[in-house]
Structures are given as C-alpha cells and as structure tokens.
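Chemist: Kindly generate the complete structure, drawing on both the sequences and the hints.
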Amino acid sequence: MADNRLPEEGDRIAKLLARAGIASRREIERMIADGRVSIDGKVLTTPAVKLNNLNGVTVDGKAVAQAEAPRLFAFHKPSGLITAERDPKGRPTIYTALRNALPKNAGRVMPVGRLDFNTEGLLLLTNDGEMKRAMELPSSGIPRTYRARAFGDITQAQLDELIEGIEIDGIRYGRIEADLERGSGKNRWVQMTLTEGKNREVRLVLEHLGLQVNRLLRVGYGPFELGELARGQAVEIRQADVERFRKQLTRARK
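Oh and the sequence shown: position 131 is 131 in the UniProt record's numbering, straight run, nothing missing.
It should be emphasised that the hints constitute simulated quantities derived from the structure, not laboratory data.
Every value quoted in this text rests on a predicted model; they were computed, and no experiment measured them.
Take the hints with a grain of salt, since some may be wrong.
[What the hints assert, rightly or not] Lysine-lysine pairs mimicking DSBU-like chemistry, simulated, CA-CA at most 30 Å apart:
1) Lys15 x Lys89
2) Lys42 x Lys104
3) Lys247 x Lys104
[To be verified] Pair by pair, the computed Cβ-Cβ distance ranges are:
4) Lys247 x Arg91: 31 to 41 Å
5) Gly170 x Gly107: 19 to 29 Å
6) Glu225 x Ala63: 35 to 45 Å
7) Glu225 x Gly174: 39 to 49 Å
8) Arg251 x Gly185: 38 to 48 Å
9) Thr96 x Lys198: 21 to 31 Å
10) Lys247 x Ala157: 24 to 34 Å
Note that CB positions come from ideal geometry on N, CA and C, so glycine has one too.
Modeler: This is the structure we're talking about:
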C-alpha cells in the first residue's frame with residue numbers, strides 16, 4: 001500500500017512537497033487530510049510517509065516535479081496590488097506585475113508574508129514552501145523594516161516607548177524600534193523595525209499614537225533590502241546569499 005511506505009531513510013512527504021513549492025508543510029498536511037495527495041494512484045491518508053523523491057506523487061491529480069534548489073526573489077511591490085493569486089473583487093494582484101518582472105525560468109513562486117493593498121516596497125518570493133513558512137513565523141525573529149510617512153504630531157520620546165511593546169484594543173504588539181527622521185512640518189517620516197509582523201501592525205500602532213499614515217513602504221526583511229530596486233521590478237537573490245540565510249534561519253529556530 002502506498003500509504004504504508006515508511007522507509008527509515010528519506011524525508012517526510014510534506015517536507016518534499018514544500019521544497020517543491022506546492023505549499024507550506026502545514027498547508028500540505030491539510031491537503032493530505034482532504035485526500036488531495038496520491039502516490040502511485042493511491043490516495044495518501046497520513047503525512048508520516050517518508051520518501052527519497054517525488055516519483056509517482058500527484059496533487060489534485062497532477063504530477064509533481066522534483067524539488068529545485070531553493071530560490072529567493074526580491075520584488076518591489078507597487079501600491080494598488082493584492083498579495084494573492086486572485087482576488088474575488090477583481091482587483092489586480094502581484095502576479096499581474098510578476099509576469100513581466102520575474103525571469104522566464106522562475107517557475108512557481110509564493111510570497112513570503114503579505115503587503116496590504118496600499119502598502120508598497122520589498123516583498124520576497126520563493127519556490128520553497130518550507131523556507132516561506134520559516135520566514136513568516138514570529139518565533140524566527142526576522143526583523144522587518146518599514147518607512148511610514150505620517151501626518152500629525154509625534155516626538156522621538158513617544159516612539160522610544162514602543163521598545164517595550166504596546167497593547168491596542170486587547171492585542172499585544174511586541175518590541176518595536178522606531179525613529180523619527182529629521183524634518184519639519186506635519187508630514188514626517190518614521191522608520192520602524194519589528195519582528196512579529198501582525199496584520200496592519202505599523203498602521204495601527206501609528207494611528208494609535210494619533211498619526212495618519214499616508215504612505216507605507218517596507219524597505220527591509222531580514223538581511224535583504226529594497227535598495228534601489230525600481231517599483232514593479234524583481235531581482236533574484238544570489239544563491240550563496242540564500243544558502244547563508246537558510247543556515248542562519250535553521251540555527252535561529254533550534
């Protein structure tokens with residue numbers, strides 16, 4: 001029986017499928033529970049199966065290609081795009097822009113986390129579901145850095161208090177490093193670095209402090225920076241840098 005193939009060697013099927021860019025491990029386990037994964041034509045009923053390769057494995061009846069080396073792309077997401085494959089409301093998605101921005105051999109890639117419709121800046125994309133999941137977990141402690149242009153009055157002393165975290169409407173937001181950039185007038189730029197990345201965290205925190213955010217730009221995610229990457233463009237991160245980052249990520253999670 002295909003379900004009972006449990007060799008001592010090899011990797012769990014969810015790990016192999018994640019490496020192949022199908023989805024994250026957790027999502028793949030749900031797919032297995034829903035009967036969407038088969039081996040040699042037999043529906044898989046447990047994620048505990050170990051395999052040396054993906055020969056004979058299908059998802060939704062389609063054969064799965066062997067996993068490629070993990071790849072990572074940096075994309076400068078413009079505002080006005082949904083971070084999803086499709087939108088029920090018919091709004092344009094990142095994949096509309098990525099058709100022309102990514103190299104032809106990029107294959108299927110998934111966004112690491114999300115950027116809101118009106119948020120722009122650095123969005124990382126990968127073909128490796130396992131790496132995607134690890135990068136998104138708050139427990140990995142990967143810093144995300146944003147620049148927000150906000151209208152209102154704020155002092156550096158007020159921003160310094162965010163280093164201890166803040167609670168808003170019963171939700172606790174952890175340590176935030178925030179710096180008020182030099183300037184004058186009511187519109188000021190604030191740079192914020194955080195590790196949790198909760199939904200709309202930067203906007204909610206600044207609005208709680210009495211500011212009105214009129215532009216939000218992510219400029220860094222871990223060791224990767226937006227730099228001079230033009231809006232709507234994508235660039236592949238060097239394989240050596242990806243491997244170095246993966247090793248750091250593995251050590252951080254142990």
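Chemist: Quick one: which hint numbers does this structure break? Sort them smallest to largest.
Modeler: Those not satisfied are hints 1, 2, 5, 7, 10.
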